[in-house]
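Each protein sequence line maps, in turn, to chains A and B.
First residue of the first sequence: 1, per this note's numbering; consecutive thereafter.
First residue of the second sequence: 1, per this note's numbering; consecutive thereafter.
If you want a taste of the chain A side facing chain B, the calculated C-beta under 7 Å gives, among others:
no., residue
1, Tyr-35
2, Arg-39
3, Ser-87
Dumping the calculated DSS-like pairs for lysine-lysine here, alpha-carbon to alpha-carbon at most 30 Å:
no., chain 1, residue 1, chain 2, residue 2
4, B, Lys-151, B, Lys-74
5, A, Lys-97, B, Lys-503
6, B, Lys-165, B, Lys-181
7, B, Lys-291, A, Lys-138
8, B, Lys-293, A, Lys-77
Partner residues aside, some chain A positions facing chain B, computed with beta carbon under 7 Å:
no., residue
9, Arg-28
10, Arg-38
11, Met-54
12, Gln-67
13, Phe-71
14, Leu-86
If you're looking for bench data, these hints aren't it; they were derived computationally from the structure.
By construction, the Cβ of each residue, glycine as well, lies at the ideal position given by its N, Cα and C atoms.
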Amino acid sequence: MDQEKNILVQKSSPQEEGQPSPSPPLCREPWESYYILRRGILPCCHGSQPIAPMSEWATAWNSPQLQEIRFYLSQGKLSPYCLDSLSCPIVQKYLAKQKQQSLLAHISPQQRPPLLRFINKLLFRIPGKLYRVFQSKKRKESLDVTKSS
Amino acid sequence: MFSPEILLGAGWYPEENDGIHAFRWMKKEANFFIKNYQVTGRKYLLITAAGHADPEEQHVILELYINGQKKGEKEIDESFCSYAFPFEETGNIQFDFALNKTFSVPGDGRQLGIMLRRMEFIKASETGIFLEGWYGWEFDDLFPFRWMKKKAKFNLSTEHKRKQKYISFYIFSEFHDFSQKLNISLHDSALSEITLLPKWNFYSFPLQLAPSVKKEQMNPESEMAADRPRTDELNLSLNRVLPEEYHQGDGRQLGIRVSYPEFHDHDETHRLFMFFHKNALLNYQEMREGKTKLASFPLNLGVDLYGKCNIYPHCVYCLWERMKELEGEYAEVNVDERTLEGYGHFFQSARLVINCSFGEPLLHLRFGEILEFCQEQKKILEISTNGQSFTPRTIQALLGKPVYLYVSLDAACKDTYAKIRNDRWDSIIPHLKLLNQERKKKGNLPKIYMVFMPMRVNLGDLEAYFQLCQIIEADSLVLRPLNYLENPQIEADRGGYHFDYEKELLSSQELEEVFWKCDEYSKKYDVPVANQFTFGKTEELVSNGTSYLSPEKQRF
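Pulled out of the complex, with its shape left as it was, chain B reads as follows (with noise of 0.2 Å):
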């Protein structure tokens, strides 16, 4: 648990471990010591730490004293959390913590005061470190995360801000509302005040230095700048966390999600997050008070990659004759990263990508491109595969890129696959396996999601189907809806079956029946439902203790 030079004294219990952390008790007052540091300058004992539930609410505090002296108090969360203790001392240091209260829990006979999992020391010239306010690194999202409390603060060596312009991150807000708001500040001048966008979003902040920070910088050979310890604490508050009722059962205050914080100084990429954010702002009133005529851009933008697919005979229940004829001119325009680039504000503003064409996007290419770009410019894409066209060139493009990629299998077998579409099955599920494998190494994206369309010809593969999905460890199962068509005549002899898509449909008590099995089954393998049936549905958040349904999946 503890780095090697930290010599424990009084005040501890044996380590324990919960499944997953090892952590130890501390008593009412322990101490510690470290020999011979010699890191000079400005440093934080960074720990991580995690209080008792109290009935009567009272906070648990915190003291911290260095070689006898008073070096700050901090109120300890229910929950495990960081907190960080800047200092300056070196040679041995004798560290001494004290808290207002313990507590005892029957048949257990110890006095019990707040577990530590980590104490750390961390050089305050080290830039991008989470300090304090930051619950534990979470990885079941679009990207990993950090919730944050109402108050956080982060690290920022001057050494890097001299060289950077901005900081970004992908942040999370919970609000639907555009109600919550991010307050960053440097020292105690405000660098900025910016609302919060529901779902994950790319922000870039500016990182202007303070006016004392300045004026020291002007002239660096003063003896004050040099005695001036050469950090910046970013300073990041909340107007609002997320109401308890939201996530019962679950006691940490949940502000944000925060990401991995990156530092840029590419005036571009503000100047078109500012737009973005500026956008996203005006089309939410716009929306709110029932505009028609609109100033604003969509957030979501819908394009065409590839009008070209590589299973023929068609998908039994695919409107592909009927799609083309639409086309008619357009089905050969070339759709590629420039074309996007084309569309302007239209690009410019869309927070998410979805490619709806009645084609195969892997096939296209400039896949790779188009990928890169998208990635670049800090969109989030949405692309349908059939699975059929994975090759190394398009695994490689998907790694690591925010991407959420359906997979449209809808069967679980060779047989009831070749009665949809072809006998290509035991090509598809090696490469499925093989995408999943690589993508651990890439923060796990892209994001994989099952299609199921529920039909009479695949009812009897249901169960498989989540069988399948554990195995290659798919981020959820989608159940999306055969579209409703009046009078389709879409018939097909395939695989020794006759498809007949009217007769496929199924009626709202079977799809309830479907829905029943699906939370069944998703229990029973562990793999989330996100069900598209529910589209036009009020949004929930729902919460299970500590793991959130991402609204974001839930949108599905």
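For reference, chain A alone in the conformation it holds in the complex (with noise of 0.2 Å):
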């Protein structure tokens, strides 16, 4: 199966100047792209699960599926859908960088290397106080996305 489909960033093409746009949703594929395939109909060419049979490709369009898709990706979000469409690689990424995190948060101050802490120690223990910050924001848009998931 074709996966040649990416989605277009305004960020980094270019565009009018001065003009700022509201974000673009994360994936663009459920706007964009439908596939009418006899194993049936898919938003997406990593979708998992057809949303519906092959014949009824007129009005999965806008079936309340599909819709529920579009409603998380345009809110910065991957939809149930979409984490079950483990080939998809923005998913991939996504889990590996939740794991990632999940990792990092396990990790005693006492298990960070030596010469981390007393650099901390050093600077006043600034450098940590960031990291903690930096950290629990992260942790809560995690939670966001779990949750509305």
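Join the two chains into one complex using the hints; note that each chain is given alone, in its own frame.
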């Protein structure tokens, strides 16, 4: 199966200067693409399960399931459908990041290398504080995603 | 360089060659002559010239005098570009060029003005001529194209314009936010202003006559109509060009890429284009607004052309059984060009039609008809094939069509191929060579993308795969991920190898190494790599001097 879709994020392609635009969805596929296949209707080439049988191609485009996928992506989140589509590289990257974050979160201060602890102490423990603030922000963001999924 | 009837006078240096093209440096003033020129009516002197980079940013201005009378002046670009001077003189004609400045290079005592690569005369009645504002032809993309500057002119004979209602082009815009607009006017009358869609798209523009011309045509015998030059210049202008940061090292003013123009009078083709264009704008707007219920239709349509395969037992990693189970009662459904037409707005709105079947599309009995239909409907097609079903019929059907053909081999030698597919390796490569040879006569279409899915079984074949791509002159090597599956339980013994899907999946570290090697081999064998592992990554326009990595390619 072809897997050549990409999402075009405006940030790096030339665009109108000085015109702030709202954030684009996390992935454009469910807006731009539609797959009418014998195995069913897919919103994306990485879709795990068909959202409707082939014969329902005319109505599945605005089906509640596809609308839900669009809703999550427009909010910058992965939908439950996306999270089930494990062959999607975006999902794979997201899961790998999640795994890495949870691993880091479990490292106690004592497990951190002595050199880092020494530098932190030298700098009045400010780097450590900044790191914790950053981590808690990240955790909060990931919690938001998990909650919504 | 010059056509035989041109006699060079004073002010020219001897001909030089930059390795590809011959050119001649001009001094501050230069002239040439033509004798007994009998072509009456309006004509153009069309030149391809380039100036030089000026640190003080003073533009080089070229003035043209014909028989002592000033006929026009042009600002000359640093890169070779076309310029047109209209004139009506006949008989013995003297052409004088004059520049506002020259420059010299240390160690070279010459007084250098501009470089001229080409000078030719064209009749205004010859239609479809790129006049000025165009850089040279480039052939390394889906369609042959010329870069257009911010403003350009195109010649259109009145004769042609009377007969045909529309002019159409394939145009490539680099702007993904739909902020680039093209304005087309004839004389002083605006014909059309259109928002350009990103990447290659088909456009159709009406050729309505300017009121003055219309009036004259109502009374063709009038003296005024007879005197007036029977020609029209189509003026094209853009609201913006590609910012310099996107083409560093390339001093050209890059607007859009434009392919060959075509004239037509099919109202239906024009109507379909108008629908397609309106839908694309609406789709983008709805996406940006985060709408979930859409009034627009998709721009990429995935279809399932053929559900049967000629490889049995199936490729070791193929999810054939599971997919056929999913297909159930639809497994035997016939899909052909009539089915595609039946998809109505879903087909009409699609820019790209992608075949995603679990089956070999080249086996389809109506393969040729499907391709013809898609080409007629101005669709770009993506097809994946296992490469084992090339026949004179399928090769002929593919030639000259705007098709991205993905050939999945995943191996560079007979032994590895036997481990994942079968022993038909020897029959594949000659067909690919033949396809490549034949497509050269047909605008280098289809585009050939050689797919390589890195797995444990084929890791040793990577460099040889690049060599293979070089031999068959593939447009790109495509790195495609082996789908991640949880607990796949897919195992097979083939070609003396035990294939275990789970064990074949490479770790991210191993994949990084593959990417790194691909970078190296890509340079070594001059084979571009399209990495599908980067799905979801921000698209960037990259330039390396004058050659561009097309976003169309980067999409993969």
